[in-house]
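Using the supplied hints, reconstruct the complex from the two chains, each of which is provided in its own coordinate frame.
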Amino acid sequence: MKLFNYVVLFIYITQLNLYAQISSQSMQASVNMIKPLAITAIGGEIDFSEIILTGTPRNIVLSPQNGKIFKVEGHPNRNIIITFSSQPLTNSQWVSNFGGTIGTINFSPSVVHTGANSSYSNPISITSGSSITLPNSQGIGNLYIWVGGSISIAANQPHGDYIGTFNLTVSY
Amino acid sequence: MKRLTLTLIAILFTAGIISAQSSASATATVLAQLKKGLSITQISGNLNFGEIILNGSAQNQSILPSAGVLFRVIGHPNKSVTITFGNVNLNNNDWVSTNGGTNGTMVFTPVVKHTGSSSTYNNPNDVASGNSYNLVNVSGDGYLYLWVGGSIAIAANQPHGDYTGTFNITVAY
Numbered sequence: 445m446k447l448f449n450y451v452v453l454f455i456y457i458t459q460l461n462l463y464a465q466i467s468s469q470s471m472q473a474s475v476n477m478i479k480p481l482a483i484t485a486i487g488g489e490i491d492f493s494e495i496i497l498t499g500t501p502r503n504i505v506l507s508p509q510n511g512k513i514f515k516v517e518g519h520p521n522r523n524i525i526i527t528f529s530s531q532p533l534t535n536s537q538w539v540s541n542f543g544g545t546i547g548t549i550n551f552s553p554s555v556v557h558t559g560a561n562s563s564y565s566n567p568i569s570i571t572s573g574s575s576i577t578l579p580n581s582q583g584i585g586n587l588y589i590w591v592g593g594s595i596s597i598a599a600n601q602p603h604g605d606y607i608g609t610f611n612l613t614v615s616y
Numbered sequence: 158m159k160r161l162t163l164t165l166i167a168i169l170f171t172a173g174i175i176s177a178q179s180s181a182s183a184t185a186t187v188l189a190q191l192k193k194g195l196s197i198t199q200i201s202g203n204l205n206f207g208e209i210i211l212n213g214s215a216q217n218q219s220i221l222p223s224a225g226v227l228f229r230v231i232g233h234p235n236k237s238v239t240i241t242f243g244n245v246n247l248n249n250n251d252w253v254s255t256n257g258g259t260n261g262t263m264v265f266t267p268v269v270k271h272t273g274s275s276s277t278y279n280n281p282n283d284v285a286s287g288n289s290y291n292l293v294n295v296s297g298d299g300y301l302y303l304w305v306g307g308s309i310a311i312a313a314n315q316p317h318g319d320y321t322g323t324f325n326i327t328v329a330y
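First to last, the protein sequences are chains A and B. Taking the working numbering, the leading residue of the first sequence gets 445, the next gets one more, and so forth. Taking the working numbering, the leading residue of the second sequence gets 158, the next gets one more, and so forth.
In case anyone wonders, no lab produced these hints; they're calculated from the structure. Do not rely on the hints blindly, as some may be mistaken.
The calculated lysine to any residue pairs, modelled on SDA-like cross-linking and capped at a C-alpha distance of 25 Å, are [as the list claims (entries may be wrong)]:
#1 B:K192 <-> A:S540
#2 A:K479 <-> B:N250
#3 A:K515 <-> B:T184
#4 A:K515 <-> A:Q531
#5 B:K192 <-> B:N235
#6 A:K515 <-> A:I486
#7 A:K515 <-> A:I597
#8 B:K270 <-> B:S201
#9 B:K192 <-> B:G273
#10 B:K270 <-> B:S219
#11 B:K236 <-> A:D491
#12 A:K479 <-> B:K270
#13 B:K236 <-> A:A598
#14 B:K236 <-> A:V505
#15 B:K236 <-> B:V268
#16 A:K515 <-> A:I576
#17 A:K479 <-> A:Y616
#18 B:K192 <-> A:S536
#19 B:K236 <-> A:F542
#20 A:K515 <-> B:T186
#21 B:K192 <-> A:I576
Which stretches of chain A does chain B cover? Using the computed rule of at least three CB atoms under 8 Å from a CB of chain B, they are [to be verified]:
#22 475-488
#23 554-567
C-beta: ideal position from N, C-alpha, C; glycine also.
The following block holds chain B by itself, in its conformation from the complex (with noise of 0.2 Å):
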């Protein structure tokens, strides 16, 4: 009879221990989008319109994107960017300032195109400041090259002299 019972607490014991045996688990992904950041730098060419000669008459003055400056803009994959660019009051300040003469301002008003992740002037499409575009795939990077080019508008009674501004070009995701 007392080995029954022991055998019973035995038992009991045992059932209780396999009862309160239990584990559970629950899983979650872990997410991490890491993205390129941004990058342009400008490749080749220049915004020189070269020697001008007054000739009293109103006149427009135009370099084409494809023979202005090249930039290239390095950044995440498909991403899209955001392109701002405005125009430019040039100035011929300095020049004024080293050999006298009258100031004078004039605008410039660029035109920018882009070719994707081409870096040859094919099928180029317009950009417009403040438009979004995607940054083309090229083996897990994003490329795209940017061609600025532009126009001055010279007045008819516009002061000579060596005009300069500084264009800025910026891009955002």
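Extracted from the complex, chain A is given alone in its bound form (with noise of 0.2 Å):
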């Protein structure tokens, strides 16, 4: 009995595939080692620019593609789990410096990914929430996210930097 604890002691330990084995009864003990999630920035800026403002409410997009890359590397073939939101950009640091008026824009994100490719061919759009399959790219888990989006300026918008973070959470 003691070794037998000893023994499925060490399974849990060592999460190692064994063939434990008594004297009377034999099974298949096995663990599916499962490669933890890692996201990574590795290019690109969520950058609109310069925006002259006009006295008219206008919507500006940035393309994907001309956004941020992000890569995640994971488990080959398995689930993920991605999540995002919409994020007010504020001004407030620039009028702190300059002067002003302080207002806030809504950052609507965009979010597609290319599977296991590293250029932006064929991009397939994610909405907050979805599941997405990891491709196996040599044994392991390879997504690559572009994230663009839009904000819409009031006719009557502050001028000034508006800054704002972006999150992104990938998950089992």
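Written out as structure tokens, the structure reads:
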């Protein structure tokens, strides 16, 4: 009994595929080692650059192709949940430095993936909360995510540099 | 023994779940630089040379920028603007059409100065057409005051009449 408990403990600690054997019974013991998820920004910026205010409402769009690129690494062929949300941008820091009127604008992200392809071809739209399979790329699940989006500028939008932080989370 | 087997399965199952849970997050800064649109407004003054009595000799008449037209430019603070303007051909066509006489032209050559964000004529700086100048920050807005004077060259045989023309000045990012 004690020996068997040691075997159990050993399996639990090492999580190796083992063949557990006792005198009268046998069973296959296995553990699937799952590669943990990682997400890394590998290029691009979500930068709408300079926009000259015209006094009329405008919607400015930044294509995901011209936005920021993230690379997700995880277990091949495993599904991940991708979550993100709209983000308010504010010019409060700019107004603090230069004066003027504080304003906010809403950033609505547009997120696509290109599977294991690091180039922007055949992008597939991603909605927050959706599940995507990590394509197998030589034993690693790779997924390239491209983030652009749009901002809506009001007719009387205060000027200044608007900044916010976009968050992207992937999970098993 | 059966109990131990179930325990083993439970442990393995639990271990599997623990290993399978993973999440990762990344962030990106979102930036949009909204620039105040440009406007230019005539504040005061005019480019009126008044009455000039022809004397049969060539002569130049001038208006100092401080005595001419004052424009105010408002835009994005600390952003540079390119200012363009040119000479103006004046003619007396309308006057001749109404009163008769001889058509004539003469050239108005502008002289432009700026005083930064000051609306008074202190420490004026030359403004050359096509050059760039920074808008001075005043409480989050960019200001530049432009003063326009100039001169006209009157020929010895210049036909008389009221000469008019339109001076254009343009500011652009």
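Would you check the hint for A:K479 and A:Y616, treating anything up to 25 Å between C-alpha atoms as holding? holds (10 Å)
Assess, step by step, whether the Cα of B:K270 is no farther than 25 Å from the Cα of B:S219, and give holds or violated. holds (15 Å)
Run the distance test for B:K236 versus B:V268: straight-line Cα separation, threshold 25 Å. holds (23 Å)
For the pair we were handed, B:K236 and A:V505, check the Cα-Cα distance against 25 Å. Judged against 25 Å, a Cα distance of about 24 Å means the pair holds.
Could you grab the alpha-carbon distance between B:K192 and A:S536 and see if it respects the 25 Å cut-off? Holds, because 15 Å separates the two Cα atoms, which is no more than 25 Å.
Holds or violated: are the alpha carbons of A:K479 and B:N250 at most 25 Å from each other? violated (86 Å)
25 Å Cα cutoff - pair A:K479, B:K270: violated (69 Å)
For B:K270 and B:S201, compute the direct alpha-carbon distance and say whether it is at most 25 Å. Holds, because 15 Å separates the two Cα atoms, which is no more than 25 Å.
Stated coverage of the region 475-488 of chain A by chain B [criterion: 3+ residues, CB within 8 Å]: This one holds; 10 residues, not fewer than the three required, reach chain B with a Cβ under 8 Å.
Under the criterion that the straight-line Cα-Cα distance not exceed 25 Å, is the pair A:K515, A:I576 satisfied? Holds, at about 13 Å.
Are the Cα atoms of A:K515 and B:T186 separated by 25 Å or less? Measuring from Cα to Cα gives roughly 17 Å; hence the hint holds.
Holds or violated: are the alpha carbons of A:K515 and B:T184 at most 25 Å from each other? Measuring from Cα to Cα gives roughly 12 Å; hence the hint holds.
The structure fails hints 2, 7, 12, 21, 23 (numbered hints given earlier, in ascending order).
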